Amino acid sequence: MNEYIGIAVMFVLAGGIAGAMVILASTLGKKNPTPEKLAPFECGKDPFSLPMGKLAIKFYLTAILFILFDVELVFLYPWAVVYRQLGLLGLTEMGVFLGILMVGFVYAWDNGALEWK
Amino acid sequence: MNGATLSDLLLLIPELILVGMALALILVARRIRKTSVAVVGTVLAALAAALASVWALPDGATTGFGGMITLDGYSQFFKVLIAATLAMAALLSVKTIDGETVPRGEYHALLLLAATGMMLAASALDLLMLYLALELMTLCSYTLVGATVKSPLANEGAIKYFLLASFASALFLYGISLTYGVTGSTDFVAIASALSEQGFGANPLLLVGVGLVTAGIAFKIAAVPFHVWAPDAYQGASAPVAAFLAAGSKAAGLAALGRVTLVAFGSQAEVLAVFLAGLAALSLIVGSLVLLAQTDMKRLLAYSSISHAGYALLGLIGGTAEGTSATMTYAFFYVFMTLGTFGVVIALGERGEKLEGYQGLASQRPAIAALMLLFLLSLTGIPPTAGFAAKFVVILSAVRAGYTGLAVLAVACSVVSAFIYMRVVVLMYMREPQEPAPSRFPVAISAALALAALVTLIGGISPGTVVVWAISP
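Chains L and W, in that order, are what the protein sequence lines are. Position in the first sequence (first residue = 1) + 73 = my numbering. Position in the second sequence (first residue = 1) + 638 = my numbering.
Chain L on its own, in the form it takes in the complex (with noise of 0.2 Å):
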């Protein structure tokens, strides 16, 4: 049981100090409303819409293009924490790896992915 303490320690202090802040700016905090900071906030997008909405095509190409280094750092960070035990084999698979991923990232740059026309 005792290794779980840690983690209880963790919940009740994150909740702790996340909690205060709100309490403390709700209480002591100036307030001046406008209507954009009642607007809920979701990544500067109206968080709410109807699915029939247009969406620029070009999205598409950067979430492609984000997929592509985040299956680069899945695969890094689990590597970089049994990098010595791997040794030269590790470097080279990675290497072949990134080589791979990157030909992908080329043929999106050759063809115009990285410019927003």
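Don't read these hints as lab results, they were simulated from the structure. Heads up, a few of these hints could be off.
Taking CB as the label site, the calculated pair distances span [as the list claims (entries may be wrong)]:
hint: 1; chain 1: W; residue 1: Ala959; chain 2: L; residue 2: Leu161; range: 40 to 48 Å
hint: 2; chain 1: L; residue 1: Val144; chain 2: W; residue 2: Ile1109; range: 46 to 54 Å
hint: 3; chain 1: L; residue 1: Trp189; chain 2: W; residue 2: Gly819; range: 45 to 53 Å
hint: 4; chain 1: W; residue 1: Arg671; chain 2: L; residue 2: Ala87; range: 58 to 66 Å
hint: 5; chain 1: W; residue 1: Ser1077; chain 2: L; residue 2: Val144; range: 40 to 48 Å
hint: 6; chain 1: W; residue 1: Gly1043; chain 2: L; residue 2: Leu134; range: 54 to 62 Å
As the structure is a prediction and not an experimental result, all values here were calculated from the model. Cβ coordinates follow ideal geometry from the N, Cα and C atoms, glycine included.
Dock chain W against chain L, hints included.
Same frame as chain L, now just chain W:
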């Protein structure tokens, strides 16, 4: 788990060649000005991969990557077959994939990567590796089917294929997880040893798992009732892609199914035989009957490929090494006769895609009509063509396994499907031409047709040349 070493890569030389060429094509995709560059690159890579598969003959079977990949006679046989499929599909693409509607470099890179997945499926010795390999193949295939972006039929076919295949993949994965849950491994050899101890009866979940794994692979070979995607995907895809799918996807699926049924689930052959016999009987009946109603040549060949999946499955029912060899022989000859038939369809262009287009072809282009006659006889299974030898070995193995009824059904379905194949022959030889003679076609298509015709003839006259190589795992 054992770590992989660099020497393990020696097992994958053919796959590495194909991947290397695919990456090179992707890198220079925008700078390829001529279709022939991409075609020559793909054909050379396929030849090198075939040579590497033959050359890397080990003493017996070798495994690598912690027992996930093996190199044995079985995987070599299928690697050579898949390399031949790839080369012929690339040759048949020269006319259709001209770089105007479909980008050349990308198209051939996808062909190469799909073929890599097929080769890996033939060498996989682990259910998860097999899943990855088959997914690599199908992911590339969706894109290839939808490659002609402007065509609504192609988009429809690609979306249907994608949705159904994703569902089949999910079934396959669920089957893998159930099998893992009961046997504690995804490795074929470990599954086999766990099964020989407890058997199917010990845990009904295992039965479900094996059924789902079989279903997932049956989807790749388009066996009824997992065939619904094939007609739409083939019709929507451009003819060379349909040819590649019909030949390659089936060969890879049969390779995977052969190894799974014989190595992993081999000790429980009687239970597995119920699944396989059901799939075979349904594929034979549905494929042959629906075949009769087709007027679109690509749909006709799709149903033909469905019924041929039924024949190919006949060899696996017995769960014996001889039966698996029979299925290997079937897969080999099927690939060449199907690619040949598609080759004629491609060579005739627009006209070749409709059944009426074949009217009076013999008086206009006797050579092409003779080739078509050869391939159709082979699809029907009439000597002296490879189709007869192929059907003979699988039906014989079904009889030996005690499935005489199924063997009779197979022969009956052969007769039924002969009606439609012979209708094309009647149209070619006994009708007056309605359309102007087809224009000349590139020499690459002639080369692919010549290879297909050669194998179909040699396979019919002396099938032993192929049968000796068909060594089951």
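Now for the hints, and whether the structure bears them out:
1. W:Ala959 <-> L:Leu161: 40 to 48 Å: 42 Å, holds
2. L:Val144 <-> W:Ile1109: 46 to 54 Å: 39 Å, violated
3. L:Trp189 <-> W:Gly819: 45 to 53 Å: Holds, since Trp189 of chain L and Gly819 of chain W (Cβ atoms, about 49 Å apart) stay within the stated range.
4. W:Arg671 <-> L:Ala87: 58 to 66 Å: Holds - the Cβ-Cβ distance for Arg671 of chain W and Ala87 of chain L, about 60 Å, lies within 58 to 66 Å.
5. W:Ser1077 <-> L:Val144: 40 to 48 Å: Once the Cβ atoms are compared, 47 Å apart, the range 40 to 48 Å for Val144 of chain L and Ser1077 of chain W holds.
6. W:Gly1043 <-> L:Leu134: 54 to 62 Å: 56 Å, holds
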